[in-house]
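Using the sequences and the accompanying hints, generate a full structural model.
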Amino acid sequence: MEEIIRLFPEGIQHELNSRIGNRWDQLQEIRLRLNRPLELIFHTKQEWLNQALPNKLDFVHIINQLSEYSLYRMEEELREGYMTIEGGHRVGLAGKVNTLNGAVKAIQFITFLNIRIAKEKIGVATKIMPYLYHQGYLNTLIVGAPQTGKTTLIRDIARIISTGWKNVPAKKVGVIDERSEIAASIKGVPQHDLGLRTDVMDACPKAEGMMMMIRSMSPEILIVDEIGGKKDVDALLEALNAGVVVVCSVHGQTLEELKKRPTIQALINQRIFHRYLILDSTLSLGRFRGIHDAEGKRMS
Amino acid sequence: MQWVGALLFICTTTWIGFEWSNRLANRPKHIRQVKNALQILEAEMMYSQLPLQDAFHTIKNQTPFPIHAFFDRLYKNMNQESKDFGIVWQNSLDELMDISCLGNNEKEILLQFGQTLGQHDFLQQQKHIQLAASHLDRELEDASEQYQKYGKMTKSLGVLCGLFIVLLLL
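Keeping their order, the protein sequence lines are chains S and L. So in my numbering, spot 292 of the first sequence is number 292, and the numbers just go up one at a time. So in my numbering, spot 37 of the second sequence is number 337, and the numbers just go up one at a time.
Honestly, I wouldn't trust all of these hints.
So the derived label-pair ranges between C-beta atoms look like this [claimed, not checked]:
(1) S:109 / L:431: 20 to 28 Å
(2) L:398 / S:146: 43 to 51 Å
(3) S:22 / L:431: 44 to 52 Å
(4) S:99 / L:446: 44 to 52 Å
(5) S:96 / L:450: 13 to 21 Å
(6) S:2 / L:354: 18 to 26 Å
(7) L:424 / S:36: 37 to 45 Å
(8) S:81 / L:449: 55 to 63 Å
Per the computed footprint, the stretches of chain L lying under chain S, defined by three or more beta-carbons under 8 Å from a beta-carbon of chain S, are [stated by the list, open to error]:
(9) 408 to 419
(10) 451 to 465
Since the hints were derived computationally from the structure, they do not count as laboratory data. All values derive from a computational prediction rather than experimental measurement. We put the CB at the ideal spot given by N, CA and C, even for glycine.
Here it is, written out as structure tokens:
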């Protein structure tokens, strides 16, 4: 966790190290607020670090470390409100927002930081791969609420497909990573293991990215995170017509709930997807409530 | 023996005079080099969007001594982790002052400029670069004027001072 700890000024570094000790693997978030105790969020509980009250200078230090002393390069990040750092961790930013003609221009005074620690769980998708394959890969929709491990799962699926498993040869995989969560690329270089035959289009809008990928990289399988808008769905249909298999995820709790969303409903009714994986937040990361087939019939 | 001593003395004062004149001549030259470096920095920031350290690397390769040494030092010392950039900048600047003919005003301008580096968005950063450049322009004018005024004089002043003192002593 060197890449996270090095962001902090020495005093806070020391506090963090002594408090977290060997619990780095359970740590999910480190939250900083100006002149407020530092907050640590673990899987099961939340803790305060009362000795560490980050002041303005500490924030400047952290921002300098994040930007490599080059804030001018972070225009995009300051507008989006988050950035990806080495190791695939994401830093959320909040503070005073500057607007230009009503649109967000940049966050100017950053006074809140949330460092979300990336968990790359290699092997979470191994068990489900046989369900996604039947004489070739099947179009799959992964359904889950936030924090249920959709992205973790989809990342591992990409890795397994592009590396091959059992008797299935490796396929060419194209990942459209609009929010830099799947591959967590820095300057186009993925920080997570996505397998041997994966190409990544980083920070690219999904709808455009899918078409760009098909035109330029001829993928056999397209992997997309969190589809939602009409444009996404249109692009998805077009990709399917081009003969590409799509694995994507969507926010939601159950299949019934999804059927109420007009854009997704069309996809379900047309039996576009052959497999639905429903994730459950009450179960631990990467556990399923069920796998359904195109008819919505439960398989497992 | 006396004559040898006198000759050595004149040689020394002449050398001091030339050195002084040389410094006067080099100051505008070095200010110009700093200005060029700022221009490269601006281009690297605006168009290549390089982080500071990489920008320093480019500048170091494109500038002559002593500015080269300044950016080389910055580039190398930014690698040393968790050091405050302000301190790295200041230390490099102190070293630059030792090896170049820049004056205190230039040092102050560069010191101020260093505080702003990397702390602002594009537009602000560009403004700061332009501000530093215009301050340097003023100093450049001043330095050229001083060279015009005193450049030749200091050269002959060295010889003449030496001669004068030798005559007094003989």
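Hints, verified against the model:
no.: 1; hint: S:109 / L:431: 20 to 28 Å; verdict: holds, 22 Å
no.: 2; hint: L:398 / S:146: 43 to 51 Å; verdict: violated, 58 Å
no.: 3; hint: S:22 / L:431: 44 to 52 Å; verdict: holds, 50 Å
no.: 4; hint: S:99 / L:446: 44 to 52 Å; verdict: holds, 49 Å
no.: 5; hint: S:96 / L:450: 13 to 21 Å; verdict: violated, 52 Å
no.: 6; hint: S:2 / L:354: 18 to 26 Å; verdict: holds, 22 Å
no.: 7; hint: L:424 / S:36: 37 to 45 Å; verdict: violated, 28 Å
no.: 8; hint: S:81 / L:449: 55 to 63 Å; verdict: holds, 57 Å
no.: 9; hint: 408 to 419; verdict: holds (count 3)
no.: 10; hint: 451 to 465; verdict: violated (count 0)
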